[in-house]
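> Sequence:
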Amino acid sequence: MRKWYKIIAALVILGGIAGFLGYHFVYNKPHTDYEKADADFRITGERLFDLYTTSKAEAQQTYNGKVLEVSGNVSSVENPDSLTIVVFALREGMFGDEGIRFSVLQKYGASANELETGDPVTIKGYCTGYNDTDIILEYCSIIR
Numbered sequence: 013m014r015k016w017y018k019i020i021a022a023l024v025i026l027g028g029i030a031g032f033l034g035y036h037f038v039y040n041k042p043h044t045d046y047e048k049a050d051a052d053f054r055i056t057g058e059r060l061f062d063l064y065t066t067s068k069a070e071a072q073q074t075y076n077g078k079v080l081e082v083s084g085n086v087s088s089v090e091n092p093d094s095l096t097i098v099v100f101a102l103r104e105g106m107f108g109d110e111g112i113r114f115s116v117l118q119k120y121g122a123s124a125n126e127l128e129t130g131d132p133v134t135i136k137g138y139c140t141g142y143n144d145t146d147i148i149l150e151y152c153s154i155i156r
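Residue numbers (this note's numbering): 13 to 156.
Please keep in mind that the hints were generated in silico from the structure rather than gathered at the bench.
Check before you lean on any hint, since a few could be wrong.
As the list claims (entries may be wrong) - With a straight-line Cα cutoff of 25 Å, these simulated DMTMM-like cross-link-like pairs (lysine to aspartate or glutamate) come out:
(1) Lys48 with Glu81
(2) Lys68 with Glu58
(3) Lys48 with Glu126
Quick caveat, the model's predicted, so the values are computed rather than measured.
Produce the complete structure using the sequences and hints provided.
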């Protein structure tokens, strides 16, 4: 009977160690700093939008989950709640403008609000995909 207690105690200790290591290295992993990350691709907004609208599956496989540096002309800057979103409108759709929407990091909000319609700009951010109207990039920084 004592042998079983030793085996159970060893399993409990090993389980505790595994749980701690799992928490420490997986759950508690630091987040990526997208502002300092190198861009995986540099592309114009028009080309990126064209790729997503003509061959969505291929573009998703190539660009989703990647850091992109996108160049284009500002169409508008939106400020819903505490977010700042820079928009490259590339086509008039059924429900309004379609194009690329960049959710800007809070520290770039002021410089994003200074952008005027038609200003050329380069923005770096993390591509989360295409929702059949807009390409969405998050954690964006303005490079100019």
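> Now, for every hint given, state plainly whether the structure supports it.
Hints and how they fare:
{"no.": "1", "hint": "Lys48 with Glu81", "in the structure": "holds, 12 Å"}
{"no.": "2", "hint": "Lys68 with Glu58", "in the structure": "holds, 15 Å"}
{"no.": "3", "hint": "Lys48 with Glu126", "in the structure": "holds, 22 Å"}
Hint violations for this structure: none, all hints satisfied.
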